[in-house]
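Enquirer: Dock chain S against the given chain D, drawing on the hints supplied.
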Amino acid sequence: MAVRPDDDARLSLLRELMDAYGHDVLRVVYGVVRDKHAAEDLSQEVFVKVYDHLSEFRQESSYKTWILKIAVNRARDYLRSAARRTVPVDDLSYVADGVSAEQAALKQFERDHLWESVLALPDLYRETMWLYYSQELPVEEIATMIGISVASVKTRLFRGRELLRRAWGKDD
Amino acid sequence: MGRKDDSDVDQKLREVFRRHDDDLLFTRAMQDRVMETIDRQVDHQSGESRSSRGSAKGLAHRRRWWTAGSSAVAACMLLAVAGIVAWQHRPNADLGGGTFQLEAANRPSGLSSEASSTGTATPNVNGGMIRFEAPLHQMAADIPASLAPIESQNLMLTPGMSAFALRQQALDGGSPVNKSTGSTGSTGAPVRSGTHGLAGTANGSVTGPRTFVQLAKQEFTVSTRLYNSSDSPINGRRLQGMLFILKGQGGTSPDIQADWEYFVDGPTVVIPAHGSVPWTFTPNPAPPYKSLATRRAHLIWMFRNPDPHYPTLYLGTLPVQAANVQLQVTGETTEPPLTQFLRITARLTNRGTSAWDVRTALGMLFFERQPGVSLLSQGTYKYFDDIAPVAGNPTVLKPGASGEVQFVITGVPGTDMTRLPLTILLVARNQIGA
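Same order as they appear, the protein sequences are chains D and S.
Read in our numbering, the first sequence has 100 at position 100, and its numbers run on one by one without any break.
Read in our numbering, the second sequence has 327 at position 327, and its numbers run on one by one without any break.
Chain D on its own, in the form it takes in the complex:
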């Protein structure tokens, strides 16, 4: 009778999943919580949760989608529990405030500036845009992952882009 090291197999699979999707998880979590240290801690929690639920994975999606969904949910829970303040949409104007049109034109493509405006997006849009631009996931997969319709994903991407346009002073 052979011995099946079931737990060892799970741990081995977990290692593989961390190798394959660890960076993605960290980036997605960071995209939601905007705090690098918190994102690192949360990402580790995500994989502990993945381990706990490996036996329940039903192959109705890819491992990546499943894990990123867990990551998004964990990050959302963190935000809720921490009662983090969401930057109101109107606050985006600060990004371009205080500078002349010329200065804004010069700065609007600067990395930090752009980055800040992305981070200042409301959670709703930032999360979707992060999955789309950072993870380059198709809208269908994003819809499955965060539990909304494809149309809603497209709407959020559209509105997110509009907000960034405004923030970057790209509106006429």
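Since the hints were derived computationally from the structure, they do not count as laboratory data.
Just to be clear, a hint being listed does not mean it is correct.
In silico lysine to any residue, SDA-like type, Cα no more than 25 Å apart, as pairs [unchecked claim]:
no., chain 1, residue 1, chain 2, residue 2
1, D, K49, S, Q370
2, D, K64, D, L54
3, D, K36, S, Q31
4, S, K12, D, A143
5, D, K69, S, N235
6, S, K247, S, T395
7, D, K49, D, N73
8, D, K154, S, R14
9, S, K247, S, H298
10, D, K64, S, R19
11, S, K12, D, E162
12, D, K49, S, L25
13, D, K64, D, E140
14, S, K247, S, T158
15, D, K36, D, E16
16, D, K36, S, M35
17, D, K154, D, Q135
18, S, K12, D, P138
19, D, K64, D, L17
20, S, K12, S, D23
21, D, K69, S, V269
22, S, K247, S, P389
23, D, K64, S, M30
24, D, K49, D, Y78
25, D, K154, D, L79
26, S, K398, S, Q321
27, S, K398, S, I256
28, D, K49, S, E368
29, S, K247, S, T360
30, S, K247, S, R296
31, D, K36, S, T27
32, D, K64, S, I38
33, D, K49, S, D39
34, S, K12, D, R161
35, D, K64, S, R237
36, D, K154, S, R18
37, D, K64, S, L25
38, D, K64, S, L420
Expert: Quick look at chain S alone, frame taken from chain D:
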């Protein structure tokens, strides 16, 4: 500045993300911390269990449960099982000498529920059958399973569907091919019917949308309250049940082929210590309603993973050797989701000293959705099926004699069952009913 089009914004966003992504790396140190956390978690859980077991109150309750379950345990310890493991592979796959030995003793014994079904859709029988050779090892081992301290109170059969099943049917619009969130036990319907079945719908056993083919009218619902007689809350997801719909008035085992057997999931809620929760199950397919008056239900609950603090079921072996396990896809539905109709055959040899009637055993078939998962986990599709001799083969095997038997089942909709490793266990009917 002029308004930029989406592609411009898209490009800029991708650049921004790419640059910042480089600073966000899930390092090996983080991986190691995950592993350490899991180690601590396991240690902690073990410690809690030890602590709980050591309490006087806990011991008292455990003793009470033992009393209630002792006969069941004794019966289960005699449960005779022979196992066949078949590693299915594609016709052209290289086995690489990959014989697959049953690791039964290490599998968290379990039986889970899943839906398989025969549908109302018309099978499209292919002219050319697909045949799968399967390397095989006879199991000469036992399978550990832990009996859960769950009592089924007020267990009854009632005509019609459960509210959950009705709601599901309403959502599905009553079409033959349904979307179901109900993961329930699978069953091997009587072989003579030629159809094998889907699980039916159970309340709360939802782990995600699942497609199944509705096989037949859901005639009745099994309802009960699941009482946790232990001192600790039990997550229903840890539970694997076996439901028997018995025709006979005595005993608790599915002794005859007219009995029906199902693998069923536990509830998705936590059952509090010394508390109970409602549970229902609507079998599909099911015995006809008109015969309900003579039917009784019997439920057995086990942990999906062995729990050392509860009585262990040791499943012994039948003196039966199995060889030449083959799986054939005999047909498939013509409309999505694709559903395969399968015939699995094996050659059994009686290695005992007395004659053995193959009809006195039940087949448990486990298809692993992911290689290596435990048999009783939610990672397997599980079937009960009667064992029937292939035409021209004897029903009773004398000592040393061999005969070919078959199982006829319906695959899980949308799943290529031929890709999944298969494990078959042969269980003595009269000793399974614990």
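Enquirer: Against this structure, judge whether each hint is valid.
Expert: Structure-based check of each hint:
1. K49/D to Q370/S: holds, 18 Å
2. K64/D to L54/D: holds, 13 Å
3. K36/D to Q31/S: holds, 16 Å
4. K12/S to A143/D: With a Cα-Cα distance of about 23 Å, the restraint between K12/S and A143/D holds, given a limit of 25 Å.
5. K69/D to N235/S: Within the cut-off at roughly 23 Å; holds.
6. K247/S to T395/S: Cα-Cα ~22 Å, so holds.
7. K49/D to N73/D: Distance ~11 Å between K49/D and N73/D Cα, so the pair holds.
8. K154/D to R14/S: holds, 17 Å
9. K247/S to H298/S: holds, 11 Å
10. K64/D to R19/S: holds, 22 Å
11. K12/S to E162/D: holds, 14 Å
12. K49/D to L25/S: At roughly 19 Å apart (the allowed maximum being 25 Å), L25/S and K49/D satisfy the hint.
13. K64/D to E140/D: holds, 14 Å
14. K247/S to T158/S: holds, 15 Å
15. K36/D to E16/D: Holds - the C-alpha atoms of E16/D and K36/D are around 23 Å apart, at most 25 Å.
16. K36/D to M35/S: holds, 21 Å
17. K154/D to Q135/D: Judged against 25 Å, a Cα distance of about 16 Å means the pair holds.
18. K12/S to P138/D: Within the cut-off at roughly 18 Å; holds.
19. K64/D to L17/D: Roughly 8 Å separates the two Cα atoms, so the pair holds.
20. K12/S to D23/S: holds, 18 Å
21. K69/D to V269/S: holds, 22 Å
22. K247/S to P389/S: holds, 23 Å
23. K64/D to M30/S: Distance ~18 Å between K64/D and M30/S Cα, so the pair holds.
24. K49/D to Y78/D: Holds. K49/D to Y78/D sits at ~14 Å (cutoff 25 Å).
25. K154/D to L79/D: Given that 25 Å is the threshold and the Cα spacing comes to 24 Å, the pair holds.
26. K398/S to Q321/S: Holds, at roughly 13 Å.
27. K398/S to I256/S: holds, 21 Å
28. K49/D to E368/S: holds, 22 Å
29. K247/S to T360/S: holds, 16 Å
30. K247/S to R296/S: Holds, at roughly 7 Å.
31. K36/D to T27/S: Roughly 13 Å between the alpha carbons, so the hint for K36/D and T27/S holds.
32. K64/D to I38/S: Holds - the C-alpha atoms of I38/S and K64/D are around 21 Å apart, at most 25 Å.
33. K49/D to D39/S: Distance of about 13 Å is within 25 Å: holds.
34. K12/S to R161/D: Distance ~11 Å between K12/S and R161/D Cα, so the pair holds.
35. K64/D to R237/S: holds, 24 Å
36. K154/D to R18/S: Status holds; Cα separation ~21 Å.
37. K64/D to L25/S: OK: K64/D and L25/S at ~16 Å, within 25 Å.
38. K64/D to L420/S: Judged against 25 Å, a Cα distance of about 21 Å means the pair holds.
Every hint, counting from the list given before, is met by this structure.
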